[in-house]
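Below are the chains, spelled out letter by letter.
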Amino acid sequence: AQSVAQPEDQVNVAEGNPLTVKCTYSVSGNPYLFWYVQYPNRGLQFLLKYITGDNLVKGSYGFEAEFNKSQTSFHLKKPSALVSDSALYFCAVRDEVTGGGNKLTFGTGTQLKVEL
Amino acid sequence: KAGVTQTPRYLIKTRGQQVTLSCSPISGHRSVSWYQQTPGQGLQFLFEYFSETQRNKGNFPGRFSGRQFSNSRSEMNVSTLELGDSAFYLCASSLGLKPSSGGSKETQYFGPGTRLLVL
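Just so you know, the protein sequences line up as chains H and E, in that order.
If you're matching positions, the first sequence starts at 1 in the numbering used here and goes up one per residue.
If you're matching positions, the second sequence starts at 1 in the numbering used here and goes up one per residue.
Don't read these hints as lab results, they were simulated from the structure.
Because the structure is a prediction, the values reported are computed rather than measured.
Check each hint, because a few of them may be wrong.
To be verified - Below are the DSSO-like pairs computed for lysine-lysine, each with C-alpha atoms no more than 27 Å apart in a straight line:
hint, chain 1, residue 1, chain 2, residue 2
1, E, K98, H, K58
2, H, K58, E, K13
3, E, K98, H, K77
4, H, K69, E, K98
5, H, K22, E, K105
6, H, K69, E, K105
7, H, K22, H, K113
8, H, K113, E, K105
9, E, K57, H, K58
10, E, K98, E, K57
11, H, K113, H, K77
12, E, K13, H, K49
Unchecked claim - Take a look, some chain H residues computed to stay more than 12 Å from chain E by CB distance:
hint, residue
13, N12
14, E15
15, P18
16, Q38
17, L48
18, V83
Claimed, not checked - Listed next, the stretches of chain E that the computed footprint assigns to chain H, with coverage defined by at least 3 CB atoms under 8 Å from CB atoms of chain H:
hint, segment
19, 29–43
20, 47–58
21, 103–110
Glycine residues also receive a C-beta, built at the ideal position from the N, C-alpha and C atoms.
Hey, can you work out the whole structure from these sequences and the hints?
So, in structure tokens, the structure goes:
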């Protein structure tokens, strides 16, 4: 079964500094990986995804993610953090389901706190 | 294009009652997936509907059921509510393509969620 792990429950970073939110994955086939962000009492907002191709994926709001096959990682990054980036971030992997279909398996989430 | 909508946004029920939640996908999307989010278990997949048929199912008891209508709107029903069913319920929509047609690369777009409190 596919799985993702987010080793950090919380990441603190100062505004203007670069941020990294870590994710490692375990898949049996091709990895289809996603990052979502959740603000309090809101649904998940899609940030970016890795399907195939370039290892550096650019997404919404200045976020990017680096896919590393040898380390089975898909870390989320942003060069300069904003206070408004403070939220809960989820890494997810699409499950390989017989006959197709949508099923995402999510990590446990990482709370990002950006301080002035 | 309008996003995914969910109604109601908040709901309070008592144990033993049943509840129905609704999800309207993005126009043109035919797949609707449901997820339960709790502090203890995180985000868990409930089931997916495509073309009015359940295509995938997670590991939840039979009290959790759903359906999809011809306009792709989906409802989720929970019968005989338990305290542990208190959660944030999210639905997500996508085109629903098969893997051979690029379905594995699709993005799921989530609605704003429904907060259910069971007393």
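Given the proposed pairing of K22/H with K113/H, does the C-alpha separation stay at or below 27 Å? Between K22/H and K113/H the Cα gap is close to 14 Å, so the pair holds against 27 Å.
Please work out if K98/E and K58/H have their alpha carbons no farther apart than 27 Å. Given that 27 Å is the threshold and the Cα spacing comes to 25 Å, the pair holds.
Agreement of K69/H and K98/E with the hint, judged by alpha carbon distance not exceeding 27 Å: 25 Å, holds
Are K113/H and K77/H close enough, with their CA atoms no more than 27 Å apart? 14 Å, holds
Is the hinted pair K113/H and K105/E satisfied, with a Cα-Cα distance of at most 27 Å? 30 Å, violated
Straight-line alpha-carbon gap K58/H to K13/E, limit 27 Å: 43 Å, violated
Between K57/E and K58/H, does the CA-CA distance stay at or below 27 Å? 32 Å, violated
Taking a Cβ-Cβ distance under 8 Å as contact, does the segment 29–43 of chain E have three or more residues in contact with chain H? Holds: 5 residues of the segment 29–43 of chain E have a Cβ under 8 Å from chain H.
Distance restraint between K13/E and K49/H, which requires alpha-carbon spacing of 27 Å or less: Distance ~37 Å between K13/E and K49/H Cα, so the pair is violated.
How does the coverage statement for the segment 47–58 of chain E fare against chain H, requiring three or more residues with Cβ below 8 Å from a Cβ of that chain? Three-residue rule met by the segment 47–58 of chain E, so holds; n is 5.
Using Cβ atoms and 12 Å as the threshold, tell me whether E15/H really stays out of contact range of chain E. For E15/H, whose nearest Cβ neighbour in chain E is about 27 Å away, the distance exceeds 12 Å, so it holds.
K98/E and K77/H: Cα distance at most 27 Å? Status violated; Cα separation ~31 Å.
This entry does not satisfy hints 2, 3, 8, 9, 12, 16 and 17, going by the numbered hints stated previously.
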